Structures are given as structure tokens and as C-alpha cells.
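Asks: Residue-level listing of the chains:
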Amino acid sequence: MGGLLSTLVFLPGILGLTLFAVPSSQEKRVPWIALVFSLGIFVLSLGILWGWDHSQAGMQFVEQVAWIPAFGIEYHVGIDGISLWLVLLTTFLTPLVILASVVSIQKSLRFYYFLFLALETTMLGTFMALDVFLFYLFWELMLFPMLLIIGIWGGPRRVYAAVKFFLYTLVGSLLMLVGIFVLVILYKDQFGYYSTNLLELYQLSIPGGLSFFDVQSLLFLAFIFAFAIKVPVFPLHTWLPDAHVEAPTGGSVILAGVLLKMGTYAMLRFALPLFPQAAGLFAPVLIGLGVIGIIYGACVAMVQPDLKKLVAYSSVSHLGYCIVGIFVLNVTGMSGSLYQMLGHGISTSALFTLVGFLYERTHSRDITSYGGLSKAMPFLVMMFMVITLSSIGLPTTHGFIGEFLVLFGAYELSGWLALLAGLGVVLGAVYMLWMFRRVCFGPLKLSMPKLLDLSVREWWVITPYVILVFVMGMGSPFFMKYMEPSLQALLSLMQAKVAGL
Amino acid sequence: MSQLAFIRSTALTGVDALNLLPVVLLLLGGLFLIGFELMIDNQRSSHLEGVKRMISVFFFLNSALASSVLFFVLNLDLSLFGGMLSISAFTHMGTLLVSLVGLGTVLIETPFHTEPSHSGEYYALLFFAVSGMALMIHANDLVLLFVALELMSLAIYVLISSKQDRPIFAEGSLKYFLLGAFASGFLLMGIALIYGAYGTSNFTEILEAQATLHPALFSLGVILVCVGLFFKFGLVPFHMYIPDAYQAAPSQITQFMAVGIKVAIFLSGLRVILTVFNHDPMMLHALLYPVVVLSVLVANFLAIKQQNVKRMLAYSSIAHAGYLSVGLLALTFPVSAVRTDAVAAIVTYVGAYGLATLGLFALLVVLEQVSGNDQLEFDHFKGFAKQFPGLAALFLILFISMSGLPVSAGFVGKYLVFLNAVKAGEVVMTVIAIIGSMVALYYYFRIPVNAYLWEASPEVPFAREKITWTWPIGVAVVCALLSLILGVLPQAWIEFSSRAIFQGI
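Sequence order for the protein chains is A and B. 0 is the number of the first residue of the first sequence in numbering that gives the first Met the number 0; add one for each residue after it. 0 is the number of the first residue of the second sequence in numbering that gives the first Met the number 0; add one for each residue after it.
Everything labelled a hint here was simulated from the structure, so no lab data went into it. Do not take every clue at face value.
Quick partial rundown of chain A residues pointing at chain B, CB under 10 Å, derived from the structure [to be verified]:
| # | residue |
| --- | --- |
| 1 | L146 |
| 2 | V158 |
| 3 | F165 |
| 4 | F180 |
| 5 | I184 |
Derived CB-CB ranges, DEER-like [stated by the list, open to error]:
| # | chain 1 | residue 1 | chain 2 | residue 2 | range |
| --- | --- | --- | --- | --- | --- |
| 6 | A | D365 | B | T469 | 49 to 55 Å |
| 7 | B | E494 | A | F477 | 46 to 52 Å |
| 8 | A | M381 | B | T467 | 57 to 63 Å |
| 9 | B | E207 | A | P68 | 31 to 37 Å |
| 10 | A | R456 | B | T467 | 43 to 49 Å |
| 11 | A | T17 | B | S370 | 30 to 36 Å |
| 12 | B | S456 | A | W433 | 42 to 48 Å |
| 13 | B | M281 | A | T17 | 55 to 61 Å |
Every beta carbon over 12 Å from chain B, so not counted as near; a handful from chain A, in silico [unchecked claim]:
| # | residue |
| --- | --- |
| 14 | Y201 |
| 15 | L357 |
| 16 | M384 |
Quick caveat: nothing in here was measured; it's all calculated off a predicted structure. All C-beta atoms, glycine included, are put in the ideal place defined by N, C-alpha and C.
Using the sequences and the accompanying hints, generate a full structural model.
Replies: This is how it looks when you write it as C-alpha cells:
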């Protein structure tokens, strides 16, 4: 199984480049070619599951090649329980996104599908990089395809939204670069040689983490700032609504489904194990911001007239759960957070897809122009119902597992915290169900054009989401048994480092 | 020493002459072209444009080749002409870089004369400027440094005045000349004071001297030399002439100034700092620190308001001088290993910056020729990617390298310089420089954003032109490819830079 991860990382981009070789006469076939490529990548990624070693809590499928020996930089990739499902989520979503974009994207097809495949390369690289330099590379690179996707095929304010997203995220990650420098030099001082190997950097014990302005805390802040913009953590979330609304459907799906998770993944992979004392010190702040995000996101979502903006703010709210789950610093909370990440990737992606379907039919995202869709499109509404309920967190859907575990983990810390966070569940139900009622029930608005129910292609797009909703809801032990050893190892590492000092 | 001994010491051996070959080739090239131009009459002068170009390329290429061979093969540390000139791997690397800059300038230029061109003189001036740069890097004595600096500057004063059809161009070139003359005056006064303090202007002798009898003279001399050098670097607040001068010059000369002067001044400045200023590094640190902070912040903020592409690139070059100076700060650090790494980092950064600048100006030259408009603005690039997808991709790659984003040579350069700065304890400075880089992202990405994300407006200047394969585009492609390749596989290049050292760091 050597080379599997590198193949997964680079193959999408390479295959995407071949799309440019398709002649203009055959341009209509480009989406289908891209679909075949991405399905192939997905099947390949299932090979990771097949070759998984359950006794190993650390990195698997590791590939390590010296790259810039002068600075100890290596090409180092690996996967563990934390990144496994995120990688699979990425390879799972990409074909669905490609299939969903077939009708709505009409210009520069080759470039569009190339960008999605290139994006897949950078996303997979970010999840699998075990070298800090390599991670930084992929982290920055992923912004370019997204900038172009939003900026070229997006809505009326696409340039503003795309540039805002691009600059905001880029500025955040520049501070992380300084953090990386300091980290590398601290390692050199302590161990005598340059290394950007993350696993070796884990061994570094950095003084501080006891007050807000010592070395470890400042490093922690430098890293967290970059990740917090990505998640996004309140109050650094202002790029999100614009980016989601203006992006084409495929862009929104991948942005919500995968890109946001990179922030929380990076927190688990970098901020926590590298700076455990500082993480403990800042945990209350971040939990507080997470709770604010949950409640604020839900409240603002409630008053949105635009369907896409509502879903965007619901993302802010759901990811608040992920933040809370991470920073309660216990296995329950973290598994809940990871599960919520995966679940959010499914449900919000499905929501954006469905909104995209509606938009293709009516060219309106205004909730007030909708009504009584259940009369015209029963099947679509049925799917919509399932996804809405999973987003709210109904038992037997994945949302329940994620939110429940996070609340449980929060309760281990403080009962009041669980109560506050639990408000989010209630508020979530309020805005989602209210939106659903306004859009799907009630009288059919006469201003609606002739509405067709789901086409065959759309069935193929939405059904995998729905299946996964139930599989993840009722079969959670299957997913958990991959995640838990690695999360446990992460916490043990953190505790050992804190105790060691 | 006695007169005979001095004469003997200045005699050249065969090996010495070999080591001087690159510089000699550059000077010969200049002299040959002037002679050539004198011997042919006006009419044939225009016909022989291509021949003159080829001759220039020949000499630059050979100089570059000679210096690279010397760098790899003949790794000696010599000092010639009574200690005034030094030869080392560092000087060979420097000569290689400036020869390549000269080569690039010749390759990307498109003729801007219409009347009998006398372009032989133009090429000769290029050669003299490059020889001046090379001699600056070779200089082991303040006086030689000054003479070489003047050689370079005088040639450039003339080169940037080539366009005279509008008052704005005369203004820019005159500003450059006057301020440059002022700066040289400061520099010379400072050199005189340092000579007064130490009794010698030779780098090695000053380095080895015990403390001076006249510390006040030395301090004043350092300050004045620094002022002169900062003018030439283009650091804030000595930068006022740069935007006008860069805008006034023909684009290939702007590129020549932006890269060549930086290479020459930074590499020779490196040596000055490590030898002459070695007696009081803290004073240099104190002088340099506020200037660098100002350069990195002010230049980037001023660049945001620019609408003209060349002015934007001028301000960005001030900012890059600031980033390079962050590397210079590391040279005042007491640990020798840090200083060696700092030298390597600066050389790497200069290489990356040179590649990106050369590529960008090559593209600008082409677009200016095609549109007939030499004051290109950002709005002209709206919808550019639809018309010229290849060129737009080149712009994207080159701007990624300029802004120091990953998978580009610019990132490797920035990584090295900032890593060294942090090693030397300059964390706050690095954070400030990074903040400057953040601001810079906005204006660097204006062209790619306009090109890709906006629709073309009806009056777009290049909409109906077809651009054919010309040398400038080839140069731009090579620069973009190299920026990408060196961004992904920088190991070999970092090793070369680390070898560009000299004794006594």
C-alpha cells in the first residue's frame, strides 16, 4: 500500500490538468470525465479503510522523503483516525459536487472542473501533511482554486466575496508562518538540528502557557488565529456569508463541507498537541466564543430572508459545536466534535445542494417567494425534510450523535456550559423548521414557474447524502472505532506534555 | 610599504587575471559596442540593431558563464590590486547575478527609438552599469566601492532618460539624477570620515584594526555612509524619487534598476556591514531598525493607492528592499553561523525577486508595445484572462512569487530571510514585515483578480491584438517556470547560495 496517500493527493490535480486536452467540440463531456476521475479517486480512498490497522493509534500509510535537507523539510504524509474520515469526506463530496454542477455551470467548463480537482488535491494534501512546511504550502494553495471558483462562476457580488475570502484567510495564515519559524528555531535550540517534522515537533516542550503573553501562548495565538478564521470562529466569521452566498452551488458545498473543517482539523492536529498548556489556558475563551457562535449563528440564521445565507449562518452555529467539543479537552467532546464535523459536512452540503436545485428551477433564493413546494415536488421535499432533521440533530441521524457527544463532553466540564450549548439545539430547530415550513408547506405560490420534481441526475446526487445521514446516525460505532484511538492518543500526548513540565 | 613592494603587490598573475575575466568581459563588451557604434554610420546603425543585440547577449552570456565556472571550479579567496579588489565565491555569485540581470534586460527590450537609434551606446551604457555593479561587489576598499557605484549610477542616469517625449519622464530622470548625486555626496563624505578615523579605507585593514583613535569621526562616518546607502537601496524615508524614476524609465530599464541596483547595493553593502561596520554593529542596528520598519509598512500602504502598474511595482520594490534589509539586520548578530546563513538567505531572496521582477517587466514590455500605451493601469487588465489565458497564468505565477506565497521561489526566499531574522532574535521585526506582506497581497493580486474575475470592458486596449512569440514572452515563461520549480525543489539553489561566502563573516 506504499504510495497510496501520495497518489490520492496528486492524482486529482494531474487528472484535472488532462481535462484541458479535451477539444472544444467535446466540451459537454468534460463534467462526466471529471465525474469518472473523482469517482475513481473515491474508490481509491476506500482502500485506506481496507488496509486500516486498528491496533495502531498513530499515523498509518506514512510516506516520508527528504525534500529540503538544509532545513529538515520533508515530504511527509500520513493518516490517522482524526484525518481518516475527513479525507474520505473530501473524496466522497467531490464527485457529488461535480455531478451537481452539470446543469448550472455553462461557461469555461474545463477550467471549472479542473479547479475542483485541483482543490481536491490541495484539500487532501492539507489533511494528510505531517510536515509543517508542507501543511502550510497546501493550506495556502487551497485558496487559489476557491478564489477562482467563487470569483468567476459566482453570483452578482462574486468578486467582492471572493477577494474578501482570499485576503482574509491569507492574512490569517501569514501570522502562522511566523509561528512556524519560531517553532522551528525553538526545536533547533533544544535538539540541535532543523526539523519541520510534526511528529518530532510534538516532542518539543515550549516554556510558557501560563500567562497570556509568554512564548507558548503567543505561538498558540498565532496558529489559532489562522485556524479560527477558517472555521470560522465568531467574530472572525464575516467572510463566510458573502462567500457562501455568492459562490456557485458546487463552490458552496465544498466550502462548507470540507474547507471549514480544515480549521478545526488543524486545531486538533497542530494547536492542541504543540501547545497543550496554552490550549488549556485559552480553552475557556475559545469555548466562550464557540458558544457565542452557536447562539449568534442560530439567531442570525433565524432572520435571514435568503435561503443560502440562512444555511451559511447555520454553518457558523454548527461549527460552534465543533469548537466547544474540541476545547473541553476530553475524549467525549472531541469525538463529538469530529463526528459533528463529518455530519455537518454531509448535512450542510446536502442543504446547499438542495438550495441549488431550487435555484436552478426558480432563480430565487428568497424565502418569501417560496411556498407549498410539497405539493409540486414531494420527493425533493422528502429529501429536504430528512436533511433538515439531520441538521437539527434528530436521533437516528448523525446530527444527534455529534451534538449529544459534544454536550456530554461539555457537561463533564460544567453543567451550565452544557445548558448554554444546548440552547443551540433548540434554536437550530427553530430556524430550520420555520424555514422548512415557509418553503415547503402552506399554499403553493402562484408566482412559481412550473416546478419539476427531482431528475435522475439529482436523485443520484442527493441519495448518497441521505443514506449517509442514517448510516452515520445509526451506525456510529463503526466510525467511532477508527476515530477514538487517535483522539485518545492525542489527549494522552497533551497530558504527558503538561505533566512533563 | 615601499614603492617597489607596492608595485609588486599590484602585479597580476595568470590566475588573478582568470578570476577577473567576467568583469573584464563586461567592460570589453561596453567598449566594443561603443567602438562599433562609432565606426558605422547612421543608416547602417539601424539595420545592424540585431547584430548589436547579439553582441550584447554574447558578452553578457559569456560573463555569466565565466563567473559561474569560476564559482563552481576555481574557489579561491584572493585580494588583488593592493587589497582593493577581492575575489571569492561571493563575488563570482554576485557577478553571475548581475550578468544575468543585464542579459535579461537585453532580451526583453523592444526598441523604443524611431530615429537613427545609436543603440550601440545604449547597450554600452548597460555594460558599464553592469561592470560598475560587478566591481561594487568585488570591492574590498571604500574608494573602489565609491568609484564603481558612480560608474553604475552615471550609466543608469543616462539610461533612464532615454524617453523624453513627455515632461513626466524628464521629471523622473532628473529627480533620480539629483537625488543620486546627493546620495553619492553623503557617501563620499562618510567614506572620508571613516578614512579619517582609521587611516585606511580598505575593508580588511579596517576589520583587523584595533579600536580607532577617533570614535566620533567613525560614528559620523557610519551615519553618513548609511544615509548614502539607504538612498541607493531605496528605503523609506529616502525613497521619494523611486516611484517617479521607475515610472519615467523604459520598462526594461526599470527592471534593470529594480533588480540590478538591489543586487549590487545589497551584496556590496553586506560586505561593508561585515567589515567596516563590524566595530559597532549595534549602531548599525539602531540606524537600520527604524528605517526597515518604515520601509516595510509605509511602502506597502502607499502602494495600495496606486493605479499605475509601474508605480505599484516601484513601491513594491521599496518594500522588497525593506524585506532584504530585515536580512541585513541579522548580520549584526554576534553569532557567526547566523551571519553566514543570513548571507545565503539574502542571496536566495535576491535571486527569487530578480526572477519575478524580470518576468513581470518582460510581460509589461510586451503589453506596452502591443497597446502602444506605456502607462498601463490596473483597469486595463479587466477580462485579460479571457483574451490571453496563457499570459494571465504567467502573471498569476509571477505575482505569487512576488508576494511570497507558497510553491514559489519568492516563498523560499522569504522563508529563509525571515527564519534567519527570527534566529537572530528579531521576532518583532519579522512580525512587522509579515504584516507588510499581508498588505502587499492586496495590490499584488489586483492584476490577477482583474484578469480572471472581471469581464472585459469594451475599450480594453489589447482586445484586438494578437501577441506572437517574442523574446520577452520567452523570458517571462522561463522566469515563471523557474519560480515554480525553485519553489518546489529549492535544495540545489539553497546550496549554491550557502556557498557564496567569503572569508571573515
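Asks: Now tell me, hint by hint, if it's right for this structure.
Replies: Against the structure, the hints come out as follows:
1. L146: 8 Å, holds
2. V158: 5 Å, holds
3. F165: 7 Å, holds
4. F180: 4 Å, holds
5. I184: 5 Å, holds
6. A/D365 x B/T469: 49 to 55 Å: 52 Å, holds
7. B/E494 x A/F477: 46 to 52 Å: 50 Å, holds
8. A/M381 x B/T467: 57 to 63 Å: Given a distance of about 59 Å, which is inside 57 to 63 Å, the answer is holds.
9. B/E207 x A/P68: 31 to 37 Å: Roughly 36 Å apart at Cβ, these two residues keep to the hinted range, so it holds.
10. A/R456 x B/T467: 43 to 49 Å: For B/T467 against A/R456, whose Cβ atoms are near 44 Å apart, the range 43 to 49 Å holds.
11. A/T17 x B/S370: 30 to 36 Å: 35 Å, holds
12. B/S456 x A/W433: 42 to 48 Å: 44 Å, holds
13. B/M281 x A/T17: 55 to 61 Å: 59 Å, holds
14. Y201: 20 Å, holds
15. L357: 26 Å, holds
16. M384: 37 Å, holds
In the structure shown, no violation is registered for any of the earlier numbered hints.
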